[in-house]
Amino acid sequence: MTELRKIKYLSPTSLQQWESNPFEFVKTRIFRLNRIPQTPPMTSGARFDDLIKAHLIELYGLSDQTFESSVEVEHPEAMARGDAAFEAYVDSSAMTTLLKLIDKLGGLDLVGDHQGNITPNVPGRGKPDIDVGGQYILDWKCNGLMSQASPVVGYVEHPKHFHQENEHGLMVNISTPLRERRKGWALQAATYYLLRGYEPPFTLMIHQLCGRKDGSVRVYQHNEILSKEYVDKVKLRYEQAWSYISTEHYFPELSKEASDAKLEEVEKACMIFQGDTEENKWRQMILRRS
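The sequence shown begins at 46 in the working numbering and counts up one residue at a time.
It is worth saying that the hints were derived from the structure and are not from the lab. Where a beta carbon is used, it is the ideal one built from N, C-alpha and C, also for glycine. There may be inaccurate statements among the hints.
Computed list of lysine-lysine pairs in BS3-like fashion (alpha-carbon distance at most 27 Å, straight line) [what the hints assert, rightly or not]:
#1 K307 / K273
#2 K186 / K301
#3 K228 / K313
#4 K307 / K172
#5 K149 / K273
#6 K228 / K53
#7 K258 / K278
Ranges of calculated distance between the beta carbons of each label pair, as one might list FRET restraints [what the hints assert, rightly or not]:
#8 E119 / K313: 50 to 60 Å
#9 E274 / V198: 16 to 26 Å
#10 E310 / R257: 44 to 54 Å
#11 E274 / E298: 36 to 46 Å
#12 E293 / G214: 28 to 38 Å
#13 G161 / R77: 44 to 54 Å
#14 E103 / E310: 48 to 58 Å
#15 Q193 / A99: 36 to 46 Å
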């Protein structure tokens, strides 16, 4: 077997992938099958991300802060949908909430790609959107901009869920936890706070932009407390995963010897499908689904 690519850190996405499908983790992160190009829905979200960050830089005179564009493929329709999402967001109550919070706490950091330690033993990497006043990390989520999507329940102003105001004026969900409905969002938020060196409890703060049937975009605010108990469980998940991944024991249900043997099988399959020919692209797509 050839020398393996070393995994240098974990992220929320890689942790979830390894926990749910070690085989897929190995194919994509160790043997690096060709990456799937950015799709139009992804482009629309990336376009929004670029626009809102540029707007905040101009609004607050943050000439010392820059960011790398998230747009990889300029699909015309997707770019237009990203523009529409930005216009809807600027006119929304979510934008008002954000600006009030920035003014109250007196600080804004466009974090971008960030590396650090999730725990003392686990190196991590993540890409939080913005850090407000060294106390809140906000993430934007774009869903259905090219079609339509329903918001995750429990958002601020949802009639069937209870919220209470915190010390900074944020309405925080105290009824049905988002971490039970969108586990990936909660894991991502907790990871970002840990990478920034904050101590729990944390406030999960997400502004969700949803496309609607009539082509408009609506914005929903999600705020929730992530307790120390929850964050400790997240740390444990990272510790357990890293104990295997750092020793190249990628298939935890097997012994180390059996895991190494399976790794060789995966390597042989991936080597067959390397290259940019149309036939190999088709083979890679089939392998990803296996």
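Legend entry - Restraint status (C-alpha distance of K258 to K278 at most 27 Å): violated (39 Å)
Inset, instruction - Using the Cβ atoms, figure out if G161 sits within 44 to 54 Å of R77. - result: violated (24 Å)
Inset, instruction - Would you check the hint for K149 and K273, treating anything up to 27 Å between C-alpha atoms as holding? - result: holds (25 Å)
Inset, instruction - Given the range 36 to 46 Å, decide if the beta-carbon distance of E274 to E298 lies inside it. - result: Between E274 and E298, where Cβ atoms are some 28 Å apart, the hint is violated.
Legend entry - Holds or violated: K228 to K313, with C-alpha atoms at most 27 Å apart: violated (34 Å)
Legend entry - Outcome of range test on Cβ distance (Q193, A99; 36 to 46 Å): violated (27 Å)
Inset, instruction - Take a quick look at whether K228 and K53 sit within 27 Å of each other, Cα to Cα. - result: holds (24 Å)
Inset, instruction - Starting from the range 44 to 54 Å, see whether the pair E310 and R257 falls in it by beta-carbon distance. - result: holds (47 Å)
Legend entry - Distance restraint hint 48 to 58 Å, applied to the beta-carbon atoms of E103 and E310: Holds: the Cβ-Cβ distance is about 53 Å, inside 48 to 58 Å.
Inset, instruction - Could you check the hint for me, namely that E293 and G214 are 28 to 38 Å apart, CB to CB? - result: violated (49 Å)
Inset, instruction - Quickly compare the C-alpha distance for K186 and K301 to 27 Å and report which way the hint goes. - result: Given that 27 Å is the threshold and the Cα spacing comes to 39 Å, the pair is violated.
Inset, instruction - Assess, step by step, whether the Cα of K307 is no farther than 27 Å from the Cα of K273, and give holds or violated. - result: violated (38 Å)
The structure fails hints 1, 2, 3, 4, 7, 8, 11, 12, 13 and 15 (numbered hints given earlier, in ascending order).
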